[in-house]
Amino acid sequence: MKTINVALLGAGRMGSEHALNMRSFPGVQTLVVAAPHTPSAEKVADLVGAKHVLSSPEEAIERQDVDAVVIVTPTSTHARLIEHAARSGKAIFCEKPVALDLTETARVLRVVEEKGVLFQIGFQRRFDVGFMAAREAIQQGTLGDLEQFRAVGRDPAPPPIEYLKVSGGIFLDQAIHDFDAARFLVGEVEEVLAWGAVRVNPEIGALGDADTVTTLLKFKNGTLGVIENSRRAVYGYDIRTEVFGSQGKYVIEALPKTPVQHYGTHGIHMDHYHFFMDRFAPAYRAELAAFFRVMQGSSETLPGTFDALESLKVGIAATRSYRENRPVKIMEIQEGVPA
Numbered sequence: 001m002k003t004i005n006v007a008l009l010g011a012g013r014m015g016s017e018h019a020l021n022m023r024s025f026p027g028v029q030t031l032v033v034a035a036p037h038t039p040s041a042e043k044v045a046d047l048v049g050a051k052h053v054l055s056s057p058e059e060a061i062e063r064q065d066v067d068a069v070v071i072v073t074p075t076s077t078h079a080r081l082i083e084h085a086a087r088s089g090k091a092i093f094c095e096k097p098v099a100l101d102l103t104e105t106a107r108v109l110r111v112v113e114e115k116g117v118l119f120q121i122g123f124q125r126r127f128d129v130g131f132m133a134a135r136e137a138i139q140q141g142t143l144g145d146l147e148q149f150r151a152v153g154r155d156p157a158p159p160p161i162e163y164l165k166v167s168g169g170i171f172l173d174q175a176i177h178d179f180d181a182a183r184f185l186v187g188e189v190e191e192v193l194a195w196g197a198v199r200v201n202p203e204i205g206a207l208g209d210a211d212t213v214t215t216l217l218k219f220k221n222g223t224l225g226v227i228e229n230s231r232r233a234v235y236g237y238d239i240r241t242e243v244f245g246s247q248g249k250y251v252i253e254a255l256p257k258t259p260v261q262h263y264g265t266h267g268i269h270m271d272h273y274h275f276f277m278d279r280f281a282p283a284y285r286a287e288l289a290a291f292f293r294v295m296q297g298s299s300e301t302l303p304g305t306f307d308a309l310e311s312l313k314v315g316i317a318a319t320r321s322y323r324e325n326r327p328v329k330i331m332e333i334q335e336g337v338p339a
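Residue numbering for the sequence shown is 1 to 339, as defined by UniProt numbering.
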């Protein structure tokens, strides 16, 4: 089996996580780590034994000995790096989103499709054992006709304000994972109605963003849904999903960090996850493993260009609904975007 040589573009916390995971994949080698901040790139390279450190992601992409790129750079760089990699014939794994603008996203993804390279967008919940089991059961008809969907996504604390300034807002940064999970489990969304408020930090409101939101969804198959998101949950990372049908329901609960429960004078206590990367650590590993299996010949389905575009549409529709205080059909969002 030929070794797959990988260029890791980005050396932050997610880059480190992916690099450590790739270290244990058979037939996969992190050959290059590229990041503008050379000390960070050197640290990750030392961690995984990468042979080369570069300050230019573009230079890494252009190397003839690189087969695939894993993009974990700031969002504003994703589109140009994806396009560069596609035109260079590299397989591409990229953390969400491709871009915050639908027209630019569609344009770049057309290049990916025209060049025929493998592309995967980083929606890790699709590789979580709970979400995968629920989807399989739903597709087998275990729940009968789907009727309702519900999700809760609350982070323990807001990200830094400097990050929020370029995040695209809560619907495109945080809630988009719930929108994609909804599509993964139930199907395509037809219409959304979103409300938002500033209940956590006035500085977030000053950016024109919200920190507390609720989104109603109408799916094309008639299912109705509601998603609640917050930038703050003092008790830890809170992620729960429920799909209800005519023959029952599936619930993906917030998992305890350990199976240990403490019974005492103050009641019953258990450890909760306080960070999404801890809760979904196995899923982050699984999504990358699937990417490389497909490179090695597996026929499994990955979240690709279609999912990157469709989940972004739902996020943009929710943002517009919140700002204009009205329901928004997904069809409105795709109008004016070249096919």
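The reader is advised that the hints may include incorrect statements.
Stated by the list, open to error - For lysine to any residue, the following SDA-like pairs were computed, each having C-alpha atoms within a straight-line distance of at most 25 Å:
#1 K329 <-> Q148
#2 K329 <-> F244
#3 K218 <-> Y250
#4 K257 <-> A106
Because the hints were derived from the structure by calculation, they are not lab data. It should be emphasised that the depicted structure is a prediction, and the values quoted were computed from it without experimental measurement.
Each hint tested on the structure:
1. K329 <-> Q148: Distance of about 19 Å is within 25 Å: holds.
2. K329 <-> F244: holds (23 Å)
3. K218 <-> Y250: holds (19 Å)
4. K257 <-> A106: The given pair, whose Cα atoms are some 39 Å apart, is violated under the 25 Å limit.
Hint 4 alone, counting from the list given before, is not met by this structure.
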